[in-house]
Amino acid sequence: MHETDMTKALIITVRDWWASQPERPEVSKIHLIVGQFTCVEPASLQFAFEVQTRGTFLAGAELVIQETPLIAFCQACASEYRPEIGLHYACPSCHAPMDDIRSGRELKIDRIEYGKTPCIKPLTKP
Amino acid sequence: MHQTFDEALGINLLHANQEGADHNRAHFDEWDITCLNIMSSPGAGKTALLEKTLAALSPELNIAVIEGDMTTELDADRLRQYGVPVIAINTGRSCHLDARMVAGGIHQLKHQHNPANFDLVLVENVGNLVCPAEFEVGEHGKVALLSVTEGEDKPLKYPVMFREADVLLITKTDLAPYLDVDLNQIVANARQINPQVKIIPVSAKTGEGLAVWFDWIRAAVGKTSPQLVSSAEGA
Ligand SMILES: [Zn+2]
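Top to bottom, those sequences are chains A and B. Mapping to the working numbering: the first sequence position 24 is 24, numbers consecutive. Mapping to the working numbering: the second sequence position 193 is 1193, numbers consecutive.
Calculated directly from the structure, the hints in this document are not laboratory data. Quick caveat: nothing in here was measured; it's all calculated off a predicted structure. In this text, a Cβ means the ideal position worked out from N, Cα and C, and glycines have one as well. Incorrect hints may have been included.
Stated by the list, open to error - Computed footprint of chain A on chain B, listed as stretches where at least three residues anywhere in the stretch have a Cβ under 8 Å from a Cβ of chain A:
1. 1087 to 1099
2. 1102 to 1109
3. 1169 to 1178
Claimed, not checked - Computed footprint of chain A on chain B, listed as stretches where at least three residues anywhere in the stretch have a Cβ under 8 Å from a Cβ of chain A:
4. 1031 to 1044
5. 1204 to 1217
Stated by the list, open to error - Here are the computed distance ranges between Cβ atoms for each label pair:
6. B:R1078 x A:H88: 50 to 58 Å
7. B:A1026 x A:E50: 35 to 43 Å
8. A:H88 x B:N1117: 43 to 51 Å
9. B:H1023 x A:I65: 25 to 33 Å
10. B:N1012 x A:E41: 27 to 35 Å
11. B:D1182 x A:A96: 18 to 26 Å
12. A:A96 x B:D1174: 31 to 39 Å
13. B:H1111 x A:S93: 52 to 60 Å
14. A:S28 x B:Y1178: 53 to 61 Å
Extracted from the complex, chain A is given alone in its bound form (with noise of 0.2 Å):
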């Protein structure tokens, strides 16, 4: 269960950002980009987050997690091409083998949505 430490980078980097603001504002959602080729499952990212902010200042906070599809691009064909994931990688072309990859490697807090209203909660777990 390596999201449970994906989790942890994710609160400590928020709560450094959030740390930051003179108002403390109170977080409501947080988007993630999560590429399809990364050892993350979504579903698993959000348990964590979930069990992982209660009782601190991220309680209720939401995450929203934007997959990004894996994207090859095939130097021979000149194109971008989607392969298969467990099941082909090469060009569908001309098979040559996956070599760059465009998208689906990303792991990526991409923004934070915040009220302006002081947040009271406690910074830690009590």
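Given the structure of chain A, go ahead and fit chain B with the ligand onto it with the hints provided.
Below, chain B with the ligand alone, put in the same frame as chain A:
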């Protein structure tokens, strides 16, 4: 009116681990050490391969092992008989090593030995094909092991690790004749995902391919010692 605001962060989720890995690597570079991260599913033969590697290379290279997949203290003892320091890391319930855990191992190594005496640090990661690939520990190269008993589909099903690997050792090739497995198919599947990976079929039992693997390590160790090369040239 409740106004909402938006702030773009664009920070990698693994940013902190990446920084830790870079820090570890800076230490290795300072001591002129090559670090290899060895990954596989459980039972692919990491310990057997390490034993053969230490037996063959410990007379010519100063090696240390950071052990993150110790099922028993016996495994560490098996490796220690080659006169090599084996630092066992307590991974708790974690399914992978991360940069912080390996930093702890480096700290122990520094405490007990003069790190500048070492040429090579072999990190044996937790037996798991999914997670270790995403967590760098400060290595200069990633080594993936796949045993012929795991079947041809493994690279397709667990692509990230095979994509990230610099070298893929297909282990237990001595068993291939007894199994309904096509070695060429394993190679072709791995190549689809990673055309650059160096693939070496090996058997710790018969010794097949081990010489090629040892040469790969020798080359890797030589490559990351630029100071030695430049000082020799300058002399
Ligand atoms: Zn093509």
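Taking the hints in turn, this is what the structure says about them:
no.	hint	verdict
1	1087 to 1099	holds (count 4)
2	1102 to 1109	violated (count 0)
3	1169 to 1178	violated (count 0)
4	1031 to 1044	violated (count 0)
5	1204 to 1217	violated (count 0)
6	B:R1078 x A:H88: 50 to 58 Å	violated (40 Å)
7	B:A1026 x A:E50: 35 to 43 Å	holds (37 Å)
8	A:H88 x B:N1117: 43 to 51 Å	holds (48 Å)
9	B:H1023 x A:I65: 25 to 33 Å	holds (29 Å)
10	B:N1012 x A:E41: 27 to 35 Å	violated (18 Å)
11	B:D1182 x A:A96: 18 to 26 Å	holds (21 Å)
12	A:A96 x B:D1174: 31 to 39 Å	holds (33 Å)
13	B:H1111 x A:S93: 52 to 60 Å	holds (56 Å)
14	A:S28 x B:Y1178: 53 to 61 Å	holds (59 Å)
When held up to the earlier numbered hints, the structure conflicts with 2, 3, 4, 5, 6 and 10 and fits the remainder.
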